[in-house]
Structure formats: C-alpha cells, structure tokens
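Those protein sequences? They're chains A and B, same order as listed.
Residue 60 is where the first sequence starts when you use our numbering, and the numbers rise one by one after that.
Residue 10 is where the second sequence starts when you use our numbering, and the numbers rise one by one after that.
One should not assume that every hint holds.
[Said to hold, decoys possible] Chain B regions said to be covered by chain A (calculated; three or more residues, Cβ under 8 Å):
| hint | stretch |
| --- | --- |
| 1 | 205 to 216 |
| 2 | 240 to 248 |
| 3 | 276 to 289 |
In short, the hints are calculated from the structure, not lab data.
Remember, it's a predicted structure, so these values are computed and weren't measured experimentally.
In this text, a Cβ means the ideal position worked out from N, Cα and C, and glycines have one as well.
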Amino acid sequence: MDLSYTPEEEEFRARLREWLAKVLPGLPPKPDPEDWPGRRAYDLGWQRTLYDAGYADVHWGASPTTRLIFLEETEKAGAPYVGANFVGLLHAGPTIATEGTEEQRARWLAPILRGDEVWCQGFSEPDAGSDLAALRTRAWRDGDHYVVSGSKIWTSHAEVADWCELLVRTDPAAPRHRGITWLAMPMDAPGVTVRPLRTLAGSAEFAEVFLDEVRVPVANRVGAENDGWRVTMVTLSFERGTAFVGEVVACRRVLGDLARVAHRNGAWDDPELRRRLGRLNAEFRALWRLTQWNVSEAEGRGVPGVGGSVFKLRYSHARQELYDAAAAVLGPDALDLDRPWVLDRLSSLSYTIAAGTSQIQRNIVAERILGLPKGR
Amino acid sequence: MRFRLTGDQEALRAGMRELLGRRFDGAALRAAAGAPGRLDRGLWRELGAAGFFALRLPEADGGVGLGLPEAVLVFEEAGRALLPGPLAATHLAAADVPGAATGETVVARVDGGLVEWLAEADEVTGDASGAVPVRSVDPLTPLHRVPGPVPGPAPRPVPGPADPVAVLLTAAEQLGTATRACELAVQHARTRVQFGQPIGAFQAVKHLCAEMLVRAETARAAVYAAAVTSAPADIAAARLLADEAAVRGTRDCLQVHGGMGFTWESEVHLHLKRAWVRAQRAGSNAEGEEMLAAELLG
Ligand SMILES: Cc1cc2nc3c(=O)[nH]c(=O)nc-3n(C[C@H](O)[C@H](O)[C@H](O)COP(=O)(O)OP(=O)(O)OC[C@H]3O[C@@H](n4cnc5c(N)ncnc54)[C@H](O)[C@@H]3O)c2cc1C
Chain A
60 MDLSYTPEEE EFRARLREWL AKVLPGLPPK PDPEDWPGRR AYDLGWQRTL
110 YDAGYADVHW GASPTTRLIF LEETEKAGAP YVGANFVGLL HAGPTIATEG
160 TEEQRARWLA PILRGDEVWC QGFSEPDAGS DLAALRTRAW RDGDHYVVSG
210 SKIWTSHAEV ADWCELLVRT DPAAPRHRGI TWLAMPMDAP GVTVRPLRTL
260 AGSAEFAEVF LDEVRVPVAN RVGAENDGWR VTMVTLSFER GTAFVGEVVA
310 CRRVLGDLAR VAHRNGAWDD PELRRRLGRL NAEFRALWRL TQWNVSEAEG
360 RGVPGVGGSV FKLRYSHARQ ELYDAAAAVL GPDALDLDRP WVLDRLSSLS
410 YTIAAGTSQI QRNIVAERIL GLPKGR
Chain B
10 MRFRLTGDQE ALRAGMRELL GRRFDGAALR AAAGAPGRLD RGLWRELGAA
60 GFFALRLPEA DGGVGLGLPE AVLVFEEAGR ALLPGPLAAT HLAAADVPGA
110 ATGETVVARV DGGLVEWLAE ADEVTGDASG AVPVRSVDPL TPLHRVPGPV
160 PGPAPRPVPG PADPVAVLLT AAEQLGTATR ACELAVQHAR TRVQFGQPIG
210 AFQAVKHLCA EMLVRAETAR AAVYAAAVTS APADIAAARL LADEAAVRGT
260 RDCLQVHGGM GFTWESEVHL HLKRAWVRAQ RAGSNAEGEE MLAAELLG
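For reference, chain B alone in the conformation it holds in the complex (with noise of 0.2 Å):
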C-alpha cells in the first residue's frame, strides 16, 4: 500500500499551482470580483491547453489518459485558487460536446434547481428551459434558477442521484478551499498583533487553526481515497466531509479575521461563499447521509 502522492502527482500538482498562481492570483481574483459574471476566455482556454477538462479522456481520443485521483488533485488546486467557471461542468461534458476538451466550449450544467455561468455558456448539460437569474450570493459565481418539475405535455424529468464523478469534483474544490482557509487563517493569526503578542499565540485563536487543520487533512483522506476506488460510499463520504471541512474553515477563517474579514475588499468571504455555493451543488448533504446509513444496513 502506497496511499501517497506519486511524483508525477506532484508534479501534476505544482503544475497547476504554477498555471493558477501566474494566471489568477490575488489581483485577478479581485479583478474578478469587481466584474461579476465575466468568465476570462483565455484563460478557460489556457486551461484546456493544460488538459484540465481533457484530463480523464483517453489518450487516442485527445485526452491526457489519467483518472480520477490526478482529476481529484487539480480541481483541489482550482478550488484553493478560488478558480471560477463551470469547471466540473464542463470537465464532465469533455467526451460530449465538441470543443469542451479544448476549453473552446464553455459548458455549464442544470444541477438540482440551479445553473451556474448559463449566461457565459455555450452549451448546457440539461434542461435550462425557464431559467431566471438570481441575484447570486458569490460575486464570482453567477447563478439561474430553473423551475422545478411541472406537469404539463413535457414534463421536466425529475432529477436523479447526482453523478458522483461531479460529486467528487465538487468534494475536491471544497478541499482546496478548506486547505486554502487555514492558510489564509495561519497567516494571519502570525501577523496580526494585539495585547502585544500574535493573534496566534492566543489559544482560542490557535485552536480555530488547529481544529480548520484537521477537517481539512481528515477530508483529503476522504477524497483521495475515494478517488482510488470510486466507490460510492467512499465519495459520498468525502462529499459530507469536505463541505464541513469547507464551510466550517471558511467561517473560522473570517472569525479570525477579526473585522477585515467582514470587509468586502478582504479574500476571505470570497470563500466563504463559493463554499456554500458548492455545497448545494450535485445532491445534498441530506441525500449523502441517508445513502451512507443505508450502506451500514449491508
């Protein structure tokens, strides 16, 4: 057993970080931020270049032949980045619609009663029709509703389990962000001074970090295990994990903050909200913990 990063994980990885870091970083983010609802063409495209959507495609088809632990591994980046886009959206359509491999297509997906990025979209897994936008609670994420199933010649189908690949994907970015919340928190807490001493020094202080730290290493367990054997169980137990990971963090963090993690020009509630945005993403919580209940029955 050899349940840890390979070298050409970590390279994969550092990759990623490298890509993200040169072209979205904090003045992007907050570039972002100011311009809601503008996706950056070329970077979508960079990304594809990089075989971000491609990733799990076969070689002979285009793609770059590797499976869900490497998915796993940069979507985490995307996540700690604060990455926006449909990126599982349009990572899960790359077999399906042309140009989604590529990053020529922009592609956003109907989950649940939500869409995200439909207005920048060129293509949409499922059906859109009815939507009405909705004053989005992420700044960097725009979102429509659609309405639920009517009765009527065509009905709408009523939606099924959620695809557990975009449940893992979704689990990862939140492990990204959870990860990216402890840093951030850690930062801070050994920089900021009061009673003349760091914030961190401060025990309260310090057990927020320490206990952001172990949501987030217990979660990545979650998720690279899950992503070895895609099991199920095992990603719906990563999906429970990682929101609470995600949530919880980016809360912790903005306490941590103090008042400039109630401002709008700090990073932090960027986070926060992206976080709960996932976490209604592909099925619920709820639906996540009755499955998992039911599996101990056998």
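Next comes chain A alone, as it looks inside the complex (with noise of 0.2 Å):
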C-alpha cells in the first residue's frame, strides 16, 4: 500500500501547476449560466487550450494516475471543468476509442480533443429510464441510412451538441438487450427537434429530443447492428470510472469554507453542527481514499472495475448532505437563491438520480458484487 506518486508523476504535476498558473488568469471571464452559446464557447475554448499544451487526452490516453492528478490539480486550481465536453470526452470519445473503425476514429476523436464539437447523450426515454433496455426509439434501414423516429429525454446539453450518441431499436422481435444499436447522430439533421426542459434549479441543463425520421448513416453506426447494449456499457463502465474526482476536490474545499462561514456566523458555536462538519471531514477524506484505492484498482486491472458503483452511492449521498449541512450553516440565507452554495444544493439533488439512481446502484452492487439473486 503505497500513496506516494513515482517521480514521472510528481514531474507531471509539477509541470501542469505551472502551466496552469499561467494559462488560468488569461481566461475570459466565466460566461452567464443561461448563456448557451456562451458556455459552448468557454466550454470549448477551455479544451482547446488543454490540446494546444498537450493535456487533451488526459482522459483516454493517460494513465489512471496521471488522470487522478490532472483532475486534482485543475480543480484544485480553480480551472475550468469540462462541462458541454463530459460526453465527448467521457462517453461517446471512449466508446469510439475502443469500439469505432479507424475512420471513425479519425472523424470523431481528433475533434472532441481539439475542442472543436460537442456531444450528447440520447439514451433515456420517456418510458425508459433505469430500465434503459426498454428504449423504443426506432431505426429502420434504408439503403445506406437508417431512418430514426421517437424520443429522448433528459439530454443533457442538447442545446449545444453537434452529435449524440444515440441509442436506437433496431430489431423489435429481438429479445429487448439484443435489438439495439448505437448510432453517432447529427443534431442540425432534418427531423431533430429539441426542446429544452427546465431543471429544479430554474436553468435549462437538459432537453427533451423529438427524432422525426431523421436520416442517419449507416456508416455512423459504432459496433455492429444490434449490439449496440454492449457497446452501450463500456460507456458505462467509463461513467463509473474516476468521472468524480475533481468533484471530490471541490466538496472539500467547500466544506473548508463552510467551516470559516460557520466559524464567522457563530454556527461553530453549536456543537452538534460541528460534529455534523467533523463527520463530513471524515467522509470526503474517505471518499478521496476510495477513488485513489478505484484509480490503483483500476491501473492494476486496465478497466475500472465495479468499485464504481460503490463510490458513486456514497457520494452522491455524501455530496447532498455536504448542501444539508451548508443550509444549516446560513439558516435563513440557505432559502436565498443570490447565496454561495444554495443552488449548489439544488444540483446536488440530482446525484442520486443521474447516471443510474442510487436503487439502481444498489441493486448491481447486490448482484454483480455480492451476487445475490435476480428477483423475479
């Protein structure tokens, strides 16, 4: 057991400290959160500058290790997070990586590192959400197309993305796992329509997607036709990889904060409140200790491996209870929406749901853990 980093790794951060240290106060000023165009830009422009220095790929190609610390140290740096890049670079960029063509790879790849285009992610449905096989969306060929109509749901920055990653039924008589296909979509093709949703939080973060027999290539299929649901989870499995860490970071310096807030208020003085802050101390170091036991797993093993799901129940917990906690500290300021950390409360809400709920979570620890039984 070692958390020591090798002197490659130490090099590493060192240098990427110091870049940041130059690069970051050039940044043009954090765009308006409803300024869609706006964030598309920064969001990009943030990528580009990774890519011109050489950090681009840092989430497929580095190791593990070199991407825990690259993702400590930019948050720890107040830098930029990835924001209308996370399914490029997260999703859609490592499905393509490990499951395209090579031309495919060539034609996606190149441009979601230079910052160039963004992804989304066209999974949930109406009728489809944690039972995501029951996705009715469907494709029919025609010639060199497939031709796709139904609708998705939750699309997070739809808005903005010159692509979804696209989950389509293609075989409706196959057993449910076994009919789907995974299609590379433009979203400026005839037949898209996006309409925006307002999240709990009064901005609209994601979109509902009408699919009117929009023309896709075949050629845009990733994987062959129908077996898009396993090339779907190694999508998932990346999801579940070191997704958290920069967020880890951040809970802790928010908590830091939230003790001088509370130590400036007069909060301190209620010992169950500082007890409350000790626990969470525990526990964000805790949740920093598991992702760096994931991160070695995961160099160990080449894959991330099922410790995802673990981590990811217990932050999102943790993360909604670090805002419970930030609410007890301001009182009356906690239902002030100009207030640090109240609409953080808000987002933090959607933790459980996200990326699979926490009884979702629960159930594949149970089961592909434990191994328990299915029920019936």
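With the hints as a guide, bring the two chains together.
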C-alpha cells in the first residue's frame, strides 16, 4: 500500500501546476449560466487550450493515476470543469476509441480533443429510464441510411451539441438487449427537434429531443447492428471510473469554506453542527482515499472495476449531506438563491438520480459484487 | 501511486486468516462464548509466535520489523474472526512489557473508564486501582470499570487524548467485523428461502446488503490510508467510518437473519456486541468529530 507518487508523476504534477498558474489568469470571464452559446464557446475554448498544451487526451490516453493528478490539480487551481465536453470526453469518445473503426476514430476523436465539437447522450426515453433496455426509439434501414423516429429525454447539453450518441431499436422482435444499436447522430439533421426542459434549479440543463424520420448514415453506426447494448456497457463503465475526482476535491474545499463561514457567523458554537462538519470531513477524506483505491485498482487491472458503483452510491449521498449542512450553517440565508451553495444544494439533488439511481446502484452492488440473485 | 496490497501484505493476511481459521473456528468461537472470561493462553502464545504482538518491533529487538499497514491487516483479520482478548493492549505493550511480544504475558489497558480482560491479564497499562467487575454485555469481553478522577492525596490523572495507534487498531478490528457481517448476511440471504425464493432476491434485503458493503469498503479505504499516512486526522476519520460500518453492519446482519439473528446460538449477536465494546474504546466518536471539525479551520 503506497500513497506516494512516482518521480514521473510528481513531475507531471509540477509541470501542470506551473502551466495552470500561467494560463488561468488569461482565461475569459465565465459566461452567464443562461448563455448557452457563451457556455459552449467557453467550454470548447478551454478544451482547445488543453489541446494546445498537450493535455487534451488525459481522459483516455493517460494512466489512471495521471488522470487523477490532472483532475485534482485542475480543480485545485480553479480551472474550468469539462462542462459541455463531458459526453465527448467521458462517454462517446471512449466508446468510439474502443469500439469504433479506424475511420470513425479519425472522424470523431480529433474534434473532441481539439475542442471543436460537442456531444450529448441520447439514451433515456420517457418510458425507458432505469430500465434503459426498454427503449423504443426505432430505426429502420433505408439503403445506406437508418431512418430514426422516437424521442429522448433528459438529454444534457442537447441545445449546444453537434453530435448525439444515440441508442435506437433496430430489431423489435429480438430479446430486449439484442435489438439495440449505437449511432452517432448529427444534431443538425432534418427531423431533430430540441425542446429545453427547466430543472428545479431554474436553468435549462437538459432537454427533450424529438426525432422524426431522421436520416443517419449507416457509416455512423459504432459496433455491429443490434450489438449496441454491449457497446453501451463500455460507455457506462467509463462513466463509473474517475468521473468524480474533481468533484471530491471541490467538496473538500467547500467543506473548509463552510467551516470558516460557520466560525464567523456563530453557527460553530453549536456542538451538534461542529460534529456534523467533522463527520463530513471524515466522509470526504474517506471518499478521496476510495478514489485513490479505485484508481490503483484500475491501474492494476486496466479497466475501472465495479468499485465505481460503491463510490457513486456513497458520494452522491455525501454530496447531498454536504449541502444540507451548508443550509444549516446559512440558516435563513439558505432560502436565498443569490447566496453561495444554495443553487449547488439544488443541483446536488440530481446526484442520486442521474447516471443510475441509488436504488439501481444498490442492485448492481448486490447482484454483481455480492452475487445475490436477481428478483422475479 | 499503488494504493493496493503488496504481494507480501496479501500473504501476511492469508497467513493470519489461515492461523485463525485453524485455531479459532466457529466451534471454538461458540465454546469461548460458553465459557466466558477464559483466555486461551495456548492460542495467545501461538499469536505471539506468529508475530502478532511483535509485528512493529524492529528486527534488532526480536520483532518482525513491519509497520502500521501490516498491523492493520492482522487486526482486521482478528476482528473478522472475532478473536477474544486484549489484542491491541498487548500489541501496544510489546516494546515495554517483558513477554508481551512473544505472547507469554497478557497485557490489559485502562481505557477511559473501562478495562477489558483485567482478571486474565498479567500486567496492566494504566492505573486500574479500585476497578470493579461489570456484567459485560459481550460474553467474549470481560470488563471492569475504573473510578473516574478523584481528588485526594494521589489524584488519578484525567485521561489525555487516546493513543492514535490504539484508535487505528480498533478501527481495523471494526473493519474486520463490518466485512464479516456483510459476508454472513450475504451467505444467509443466498440460502434462506421464503415466498419461494432466496430472501436475497428481495430488494429490501439486497439493498441492506449493498449498503453494508458500501460502508465496509469506504471504511477500508480510510483505514488503510490512515495506516499509510498515520496522520491524526486520517486516523480519526478511519475510526468514525469503521465504527459506523461495524455497528450498523452488524445490526443489518441481524435483521437479515430474522428470528435466528436474535438467538444466542447464532454468532450474529457476538459480532454486534463486540462492535459496541470497541466503539467505547480509545476515545469517543464525539472527540473524533470535534478533532476533524477543528482540522477544517486549519
Ligand atoms: C441532471 C440529469 C441529467 C441527465 N442527463 C442525461 C443525459 O444526458 N442523457 C441521458 O440519456 N439521460 C440523462 N439523464 C437521465 C437519467 O439517466 C435517468 O433519470 C435515470 O436513469 C433514472 O431514470 P428515470 O428518470 O426514468 O427514473 P425511473 O427509472 O422512472 O425511476 C423512478 C424511481 O424508481 C426507482 N426504480 C426504478 N427501477 C427500479 C428498480 N429496478 N429497483 C428499485 N427502484 C427502481 C428509481 O430508483 C427512482 O427512484 C439525466 C438525469 C438527470 C437527473
């Protein structure tokens, strides 16, 4: 058991820090959350900056430990988060990298890395959420195209995306998991309609996507026809890898800030509140160690293990507890949307739902790790 | 960074598990519970010979020359097997009390207001004068109470903060219990059939088991990391998580066992009771939380 980093890793960290210190002060101001074109430009611009400095493919090319260091240091330095590049860098990109043909990799990967194109994820449907394999969006073959009709929902960044990693049903007669195909759909294709949905935090972070006889070239299919479920599982396993490293670092910073605010406003005098913050300190320390443990496992095995589900379960609840504690520190100010942490508290409510609800994660842990039988 | 067990550490853990499986199996556990207060001196010496107590002493002093990470691994195994005896107290006395390192001498330790295994001990760390026996909730841990600080000509010193190593070794034992509780629950959930299916197929049971694993694995990362850094805040964090994983895990394990879990005959209650005993040892959760709160202010 070793928590120290190799000289090469330390050098990577030092160079990265130096570079961040140089480049961050020159960044343009953060765009307004409602300004979608501005957000797109900002997020892509940051990715381009990373690309020019040689850091663009840290999410796929680098070792898990290097990725951990990258995410830790960029978060500590206050660098922009992946934002609109999320699906490209962490879902679609890795999937294309492992499952795509040479041509597909050449077409799609470079623009993701260079910060030229934004991807979104069209998996969930109104009647297929946790039960993703129930998806019904249909695709028929018509010559060298698929014709796609149906609808997707909760599609994050759909408004600003160039591409959608889309799951469609190509064989309705086959068993559910065997009739699904993975397509890369251009979002500007005729027949694609995006209707933004407001989240409970007030902003339009995701959307409904209606598909009316959208023509997608067969050449945009990644993996074989009807093999999309397996292709998708590759994507989801990436989702449960190191995706939360930056967030754990951020939570630990928030916790420190929270303690200082409590110290100033008198909340600190309440031993119950102090102890609650102390316990959260233990919690996020442990989550950081669990991240390091999972990264070391991934390093040893080459793929992220099931440990990701254990982490996601614990982390998403801890994050909600953190912002509940923030509300306790803020008192009445916790109802003022202009106060720090109030919007974050609202956003934290999605953590136990998005990317597999806590109930689904518990099923996964119980069935895949503990080997308990599936229910009838 | 390679935050995983090394080959040597895996071997050490396997060796300890093998020794305990051979010398302290389920039958031995039930026999011990039936004859409370008696320590198996033969087993104690065997532990000594295996290096359990001398693990962290330098080789030059006849020790094994290993560190806290290894100590944590063997204490986790002891916790998993529910091994009785003042393990941490004797381990901590290995450098100072003759015979402790080899398992010849059994050492008890005054901790807060309690002493475990006082009557069986050959030596005591701390002042146990005036100790009175308690009818211990855990049949496998005899307890004495020592009076609190009293004014007088020779005032008993107010206890300082708990020894961080004692805290960490306790956390390691709790981790072993948390892991064992999850294993026992899963075994039972796979085999017990109700409504025509294994109860583990019911989501309510499944989710209890999943949460047990999540708590145990989160605690594991914290305990192992604290053993590597030996930083006081890491140790305090490890302790809080391990206590929670053990105390709640053994409870949930009992629930999964149904009526069987409420019997004396099943071993489940022994794990739960030991988790309660250890939670009283080496400083309170409140102290750990306060320490970690203060640490946030830097
Ligand atoms: C902020 C946010 C962003 C998102 N972004 C995207 C995106 O970009 N692309 C995309 O495709 N999707 C996205 N999603 C969708 C997300 O993946 C789904 O919301 C999630 O999988 C749950 O599906 P659902 O909303 O249909 O809820 P349901 O599946 O209807 O679940 C409702 C409740 O029932 C429970 N439940 C369901 N099945 C079971 C079961 N078998 N056992 C026990 N309990 C069960 C759930 O845990 C939940 O509590 C996003 C969601 C959110 C909140």
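Status of the hints after comparison with the structure:
1. 205 to 216: Held - the stretch 205 to 216 of chain B has 9 residues with a Cβ nearer than 8 Å to chain A, which meets the minimum of three.
2. 240 to 248: Contact hint for the stretch 240 to 248 of chain B vs chain A: holds, 5 residues under 8 Å.
3. 276 to 289: Three-residue rule not met by the stretch 276 to 289 of chain B, so violated; n is 0.
Hint 3 from the list above is the single one not met by this structure.
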